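Enquirer: Work out the full structure, taking the sequences as your base and the hints as a guide.
One-letter residues, chain by chain:
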Amino acid sequence: MLVNHNVTEMMEDIPDEMFKIVGIDKDAEAPSRPRIGYWRDAWRRLRENKVAFVALIILLILIFFIIFGPAISGYEFEQIDSDAINKGPCAEHWFGTDDLGRDLFARVWQAGRVSIIIGILGAVIASVVGSIYGGIAAYFGGVVDDIMMRIVEVLLSIPYLIIVILISVITDSKSLGTMLVALTLTGWCGIARLVRGQMLQLKSQEYVLAANALGVAPIKIILKHMIPNTIGMIIVAITFDIPGYIFSEAFLSYVGLGIQPPSTSWGALASAAQQNFMFYPYQLLFPALMIALTMLSFTLLGDGLRDALDPKLRK
Amino acid sequence: MAKFIAKRIGYMLLTLFIVITATFFLMHSIPGDPLAHMARNLPEQTRENYYEKYGLDKSTPEQYVIFMKNLLTKGEMGESLRYPGREVTDTLMTNSAVSAKPGGLALVVGIVIGILLGIVAALNKNKWPDYIVMFIAILGITVPVFVLASVLQYIFSVKLMVLPTTGWGSWKNVVLPIIVLSFGTIATYARYVKSNMLDVMGQDYILTAEAKGVSRFNVVKKHVLKNAFLPCMTLLVGQVSGIFTGSFVVEKIFGIPGLGFYYINSINDRDYTMIIGTTIFAAALFVFVQLVVDIAYSLMDPRIRVK
Amino acid sequence: MKKKLVASLLVAVMTLSLSACGGKGDGGSKSSGGSGGGEQYYNGYLQTEPSTLDSIKGNDNYSRGLLINTMEPLTRLVEKDGEQVREAAGAESWESNEDGTVWTFKIRDNKWSDGQEVTAADYAYGITQTLNPDAGSPNSFFTSSFIKNGSKVVNGEASVDELGVKVIDDKTLEITLEAPTPYFMSLTDTRACYPVRQDIAEKYGETYGSEAENFVGNGPFKIESWVHNSEIKLVKNENYWDAENVKLDRINYAIINDETAVFNSFDSGQLDSCSTGTEEWVNRFDKKEGVDRVDAVIPSMRFDFFNVNDELFSNLNIRKAFVLAVDREDMAKTIYQDMHIPAYWWVPQAVSTGELGDYREQVEGPLEKMAKEEDAKELLLKGMDELGLGSDPSKLTVKYSMSATTQWARNYGEYVQQKYKEILGVNIELDFNEWTTFQQKTNSGEYQMGNMIWSTDYDDPMSMISLFTTENSSNIPTGWSNEEFDALIDQAGKEMDETKRVELYAQAEQILFDEGCNICPLVNEMQHVFRYSYVKNVDEKFTSTSGLKYVYIEGR
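Protein chains in written order, with numbering that gives the first Met the number 0: chain A, 0 to 314; chain B, 0 to 306; chain C, 0 to 555.
Simulated from the structure, these hints should not be mistaken for laboratory data.
Any given hint could turn out to be false.
To be verified - Here are the in silico distance ranges between beta carbons for each label pair:
| # | chain 1 | residue 1 | chain 2 | residue 2 | range |
| --- | --- | --- | --- | --- | --- |
| 1 | B | 99 | C | 105 | 50 to 58 Å |
| 2 | B | 43 | C | 328 | 38 to 46 Å |
| 3 | B | 115 | A | 218 | 35 to 43 Å |
The model shown is predicted, which means the values in this text are computed figures rather than measured ones.
Glycine residues also receive a C-beta, built at the ideal position from the N, C-alpha and C atoms.
Expert: Shown next, in the form of structure tokens:
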């Protein structure tokens, strides 16, 4: 009581002239740093990561050679030379020749075209399809989840070779396209299951519950909240999948269902060199090295991307 | 929980049924003569007898009905078309037991080492232990299995002569296969565990725990590890059935009489009964492990509740 | 033996048939040098799991090698003093009537591995069941056209009782032939004439021969254990009539699917012998101490064949062009690293014509002359003209079907693709098939040209040349048929005079290339076997059927 009284008294003591109109500060609400979106921020952070940047450069060099290498070599990649069989690396043949006397420098880069396309496209298609599928299954849960996961189980359980044989019979070809279809047809299942596992966890996170309560559309929640938060795992999966696809193609070559000659791939070159690797290690070394380099760069780049894309690691 | 398991078992059977049906019709729709292994063309009458004996003279749906009837009422899958006189079920049992030994051990070894390496890498992010671990992990997946197997066989069996090249029966026969098979697993787990741990370590509850002064060791032990392992369990499902279906190359190089041989060669031979047999085996194992993992998942992660 | 998967099975086949050899010089009477029984074992290998031990149902080369050691055929072809002689084995003696149509075999006193006496009925059962369509034997082709009523029985037109196979008494077997067959005796050691115990076969039914326990043999060795797809162990059969001349106590066959693993195993001494067709391994093993190398031409051909019913290959000149376009010397060098020899013939080297010796030494390869006289490209253009296909070979695309999908097959295919493009200017589309698909495609005529291997079934040119008669045309389904050729083969089959028979074969082979050219021989196979020197007394001839009976180990 007493206090109130005093305050009122004090108010009365302050004259109006002690106040002045300062107007509206329009800048007060503006962000102090430039406003940048999620993706731009990620790109900025990726550039700051030196290791990832080096990886990116290695990849670009590889791609350069894959595009121009066969022309640089001066040999046709399928040209057989009975007089130059199994030659080691030398001035005429930088990577040596294979058991039909074909120039390996030309072949390695020619093969890279197939391998890189299969690796990247395969992994990307599988990841995109798999993430969305896994995301939907996890988000809706219940019956939807049950049915969707049963479909995945069925697809993963039907012998893969039968499917591949069937596709090459139906399309009557063993081209790059056929390979891609065959490899990705069930390839996305693994990622779908992985993403689903991760998303089941995220689903009960507070921000997802909040978004849900606020009536945000499910697809938006999946795309905006859940996928960015699983991106780390997805990226790791993609970088794992790239060599995975390169090797799957090699295995298919091994059992004769791979890409049709004269086309060739790194996997095919490597498995062709396997039998005589004790005698001509370089025939195995170069394709294996290219696979390893590609793999290494994608992994390091992937790690960089993971850090860059993870909203939690945002500074 | 009991209701959940019952429901899942129901689903399992349904999945199996679809897989069997789909595989049955798919395998009959690809070209190829199951009697071709007899190499020379059989006399007409003999061929007809074989077709009749194996029921190949009937239409695919009819064959399917007969097969399902035998499977469901008698638990029989029939006799191999490629190896006369051998029951598919016997082959599956004998050979899966063989595959399980190197494959299972390799999986355990791979997971343990992989997880340890993953933890080391995550805790030392962007320092040299991290780089070494990641180098091993990358190496593990960039070297094709057949190369690794051949190189190790050459070094240990031909050069050093400490291990037999091929064969089955002694512990010496499984050493190299385990090393080769676990390589990929190590790589996979190391990378996933590292990635997951980094994810988890950025979570609020970890920050809270750290802010409250919980020691680094305890934070990792109590919070990080469990949450980082959970997503890895999904990987396990494919890997367990992979023990039996994915070891073709290693089993071939080291002469291990496992199931991988039949899984691939039955398709090449168009040995229909064996194809279905191996498929049922792999699919059943797959859905079963899936169920186990799901149950384990819900037990370990309080956020996921079984409804 | 049979069609094989190109390039993949070869090695195992050879080692087996090789290790399936014995009896050189003194026929194994030499003792093992008193070094005790401990070292009398032999480590061989099979490259693929045998499908069964049942001699009636199985026909792969892997079980053939096993059976030769565990079964006692009527006779064995054994090398003695550098020459191959037919030795009495399951039959003590044999004789034929005057015109050579009825053969009587006196069965030797011998015991099965379970102690039962071997009787004529056991042999009769094996021979008749092989021809019985209900038994489902893929081996009926061996004897069906020779044994009386054989073809009819196989085709279900006559009952098994009507076969020309008769048990006179416990120890006498009589076989009646359709017509005099000069080389009939060379069929008596094929699996179509192996004995089978009726009681055992019926007791186990379908499972007879599928496990070591479901099987009995009467040969020098018996099967002790069989771990499927891993190893097969044989031990000496003490019940065997000639057990005293069998020196080895055990034979271990490791089943190794991977070729490099086989070489590594041999290199580290875990196998006693191995066979390789790779120059690098040959050079490596050449440098190895205590290892012997044996090279031999084997009666086996690698060849292409054309579908005569195909629009393009219906033209003889085009077929000839494709046959002559192959630079066999270059192929042998580039693809086969000189491990096989260029082939200008269909009947391979190492096939003998009775007393006269190697057929190829008597008859020049028909392609040798043809290759000198005619030009492939000209023939192609001529053929294209005849078919009204214009004169631009680059507009032609030919589908080349291969019977394997291995890396080797891919390499080979790419070579062929390149060479045809270079020499004829035609495009080759490669079509890699698994064996099952290849068989189906070629049998149903859905192919243009294919690639295969064929080796002899028995030691006579007839085995190879008769494959192209109208009656046998389904074996290599080219669709080609020629009356004159058929007549010559028919005549040769009955001709008891060796010189005249060779002449008939030569004429037929000439027609095959002049009129047919439905096959394109590429290389005549060789085998390169490496064996540790402590393995003694091995019969090196490919056609030998003495198995490991006389082999012994000295100084392991």
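Enquirer: Hint numbers the structure violates, sorted upward?
Expert: Result: no hint breaks.
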